[in-house]
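Enquirer: Sequence:
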Amino acid sequence: MSITAALLSLSLWAAAEPPKPRVTHLLAGVEGSRIEVGFDLRDAFDAAFRERVESGLPTSIIYEMQLVRERRMWFDRKVARSELEVSATYDGVTMEYQVHFRLDGELVESRVVQEPAELERAMTRIRNLTVLKAPADRRERCQVRVRADLGSKTWLSLIPIRITTDWAVADLPATGSANG
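Using our numbering, read the sequence shown as starting at 1 and increasing by one per residue.
Hint data in this document are derived by calculation from the structure and do not stem from the laboratory.
Among these hints, one or two may not hold up.
Cross-link-like lysine-lysine pairs, in silico, BS3-like; alpha carbons within 30 Å at most [to be verified]:
| # | residue 1 | residue 2 |
| --- | --- | --- |
| 1 | 78 | 133 |
| 2 | 153 | 20 |
| 3 | 78 | 20 |
As the structure is a computational prediction, the values presented were derived from the model and not from experiment.
Just need the whole structure built from these sequences, with the hints factored in.
Expert: The following block contains the structure:
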């Protein structure tokens, strides 16, 4: 009877586990000499994340993007890397959220949103972002990888743990010639 109770409590604990944040709907394409991406971040806005934003402290999601050349039977070779930081700050006086977008440390956009739903869309739906330089020789198979870093939390109120998604991967179409 105790084994059944233990299995039941374990299954209830696993069922109560909130969904893990993940990058979805990753699309990557080549526009001229640059790579353009679009993606969504799902299940990132949990109660703890909302509480951090509502506290008025700057709260960030950092998206790491990599261009890798896929190699059979060996580790993939990283060709280029880029980082997008989306940070939000809540202003309790005006009741607005200021959202800033920094690509590789350079401010590329700022906007003000009023509603929490608008804030979530602004921080988790990335569209038509030109991020990486396309390789000159695209005869080899290349992939774009994206993951999100949502900060850290503590486990057992003692051990810090980074909240990072798994890599999402999209293939870039190869060309038949070295000129692309």
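Enquirer: Compare the structure with each hint and give your call.
Expert: Status of the hints after comparison with the structure:
no., hint, in the structure
1, 78 with 133, "13 Å, holds"
2, 153 with 20, "14 Å, holds"
3, 78 with 20, "26 Å, holds"
In this structure, every one of the numbered hints holds.
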